[in-house]
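Engineer: Please model the complete structure; the sequences and the hints are all you need to start from.
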Amino acid sequence: GAGVSQSPRYKVAKRGQDVALRCDPISGHVSLFWYQQALGQGPEFLTYFQNEAQLDKSGLPSDRFFAERPEGSVSTLKIQRTQQEDSAVYLCASSLALAGSSGNTIYFGEGSWLTVV
Amino acid sequence: QKEVEQNSGPLSVPEGAIASLNCTYSDRGSQSFFWYRQYSGKSPELIMSIYSNGDKEDGRFTAQLNKASQYVSLLIRDSQPSDSATYLCAVRSGTYKYIFGTGTRLKVLA
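Same order as they appear, the protein sequences are chains A and B. Quick note: the first sequence uses this note's numbering, first residue 813, plus one each step. Quick note: the second sequence uses this note's numbering, first residue 649, plus one each step.
Worth double-checking, as some hints may not be accurate.
[Stated by the list, open to error] To spell it out: a stretch of chain B is covered by chain A in this simulated footprint if at least three of its residues, at any positions, have a beta carbon under 8 Å from a beta carbon of chain A; those stretches are: (1) 686–695; (2) 703–713.
[As the list claims (entries may be wrong)] For lysine-lysine, the following DSSO-like pairs were computed, each having C-alpha atoms within a straight-line distance of at most 27 Å: (3) A/K826 with A/K869; (4) B/K704 with B/K755; (5) A/K823 with B/K755; (6) B/K690 with A/K869; (7) A/K826 with B/K690.
[As the list claims (entries may be wrong)] Partial list, derived from the structure: chain B residues whose beta carbon lies under 10 Å from chain A: (8) V652; (9) Q654; (10) S656; (11) G664; (12) S680; (13) F682; (14) T734; (15) L736; (16) C737; (17) A738.
In case anyone wonders, no lab produced these hints; they're calculated from the structure. Bear in mind that the values here come from a model prediction, so they are computed numbers and not experimental data. Heads up, the beta-carbon is just placed ideally off N, CA and C, and yes, glycines get one too.
Structural biologist: Printed below as a string of C-alpha cells:
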C-alpha cells in the first residue's frame with residue numbers, strides 16, 4: 813500500500829486480556845516508531861526501530877508492553893494483561909531515511925484505537 | 649515543565665482571517681521543528697518543517713522559528729473552515745525522538 817497500514821483499527825479488550833497491534837510501514841522505510849495518544853493529548857513516544865534493531869524503548873510505560881520488528885518491515889506492539897489506563901490510540905509511523913537525517917519526514921498510520929473495559 | 653508546550657485552545661478565528669498558533673520548547677539544543685495537523689479521528693499529517701531561525705513560507709502557511717526564545721509558531725493566512733483541526737507542534741530531540749505538544753484546537757468560523 814501507499815501509506816502506513818495499521819490493524820486492527822479498533823479493538824475492545826477486557827481488562828487482563830493480551831492484545832497485539834500490527835503496523836505495516838511504507839515499503840523500504842528504515843525507521844519505525846510507535847506512539848501512544850490519549851484523548852486530548854499529543855502523541856507520546858513509545859519506541860523506535862532502525863530496521864530490525866530496537867534502538868530505544870524508553871517510552872514503553874511498563875514491562876507489559878513489548879514491541880518487535882523481526883525482519884525490519886512489519887512491527888507488532890504487544891500489550892499483556894491490559895489495564896484501563898492502556899486505553900488510547902496507538903500510532904505507528906515510519907520514515908525512509910535514518911532518523912535524524914536532514915529533511916527526514918515521518919508518516920503516521922491511521923492508528924489502532926484500543927479500549928480496555 | 650513539559651518539553652513542548654502549546655495552548656490547548658480552542659482558538660476561534662473567522663473565515664479569511666490569520667490564525668496564529670504558538671509553541672515553546674525546553675530543550676535549547678533542539679534543531680528540528682515540525683507542525684502537524686490532525687483532524688478528529690485521523691492521524692497527524694505533516695504541514696511544515698523548519699530548521700533555521702526566521703520564517704518559512706509554504707502557500708497559506710508560514711512557520712516562524714526563534715531559537716533564542718525557544719519559540720516556534722505557525723501562521724495560517726486566509727483561514728478556511730477546512731483548516732479546523734488540532735495543530736501539533738513537534739520538536740526532534742536527539743536524532744530520532746519527536747516530542748509532541750498537546751496540540752491547539754483551531755476552529756475557523758464560516
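Engineer: Three residues minimum, CB to CB under 8 Å: does the region 703–713 of chain B make the cut for coverage by chain A? Let me know.
Structural biologist: violated (count 0)
Engineer: Take the C-alpha atoms of A/K826 and B/K690, compute the straight-line distance between them, and say whether it is at most 27 Å.
Structural biologist: 25 Å, holds
Engineer: A/K823 and B/K755 were given as a pair; does the straight-line alpha-carbon distance stay at or below 27 Å?
Structural biologist: 30 Å, violated
Engineer: Identify whether the interface hint at B/Q654 stands, where standing means a beta carbon of chain A within less than 10 Å of its own.
Structural biologist: Constraint on B/Q654 satisfied, holds at 8 Å.
Engineer: Going straight from one Cα to the other, do B/K704 and B/K755 come out at no more than 27 Å?
Structural biologist: 23 Å, holds
Engineer: Checking one constraint from the list: CA of A/K826 to CA of A/K869, max 27 Å. Satisfied?
Structural biologist: Satisfied, since the Cα-Cα distance of roughly 25 Å is no more than 27 Å.
Engineer: Go check the region 686–695 of chain B versus chain A for me, would you? Three or more residues, Cβ under 8 Å, otherwise it fails.
Structural biologist: holds (count 5)
Engineer: Given B/A738 as an interface hint, is the shortest Cβ-Cβ distance to chain A below 10 Å?
Structural biologist: B/A738 check passes; min Cβ-Cβ to chain A is 8 Å, inside 10 Å.
Engineer: Closer than 10 Å between Cβ atoms is the bar; does B/T734 clear it against chain A? Give me holds or violated.
Structural biologist: This interface hint holds because 9 Å falls under the 10 Å limit.
Engineer: Go through the hint on B/L736 and say holds or violated, using the shortest Cβ distance to chain A against 10 Å.
Structural biologist: Hint on B/L736: holds, closest Cβ of chain A at ~5 Å, below 10 Å.
Engineer: Tell me if B/C737 is really an interface residue toward chain A, meaning its C-beta lies closer than 10 Å to one of theirs.
Structural biologist: 8 Å, holds
Engineer: Against chain A, with CB atoms and a cut of 10 Å, does the hint on B/F682 hold up?
Structural biologist: Check passed: Cβ of B/F682 comes within 9 Å of chain A, closer than 10 Å.
When held up to the earlier numbered hints, the structure conflicts with 2, 5, 11 and fits the remainder.
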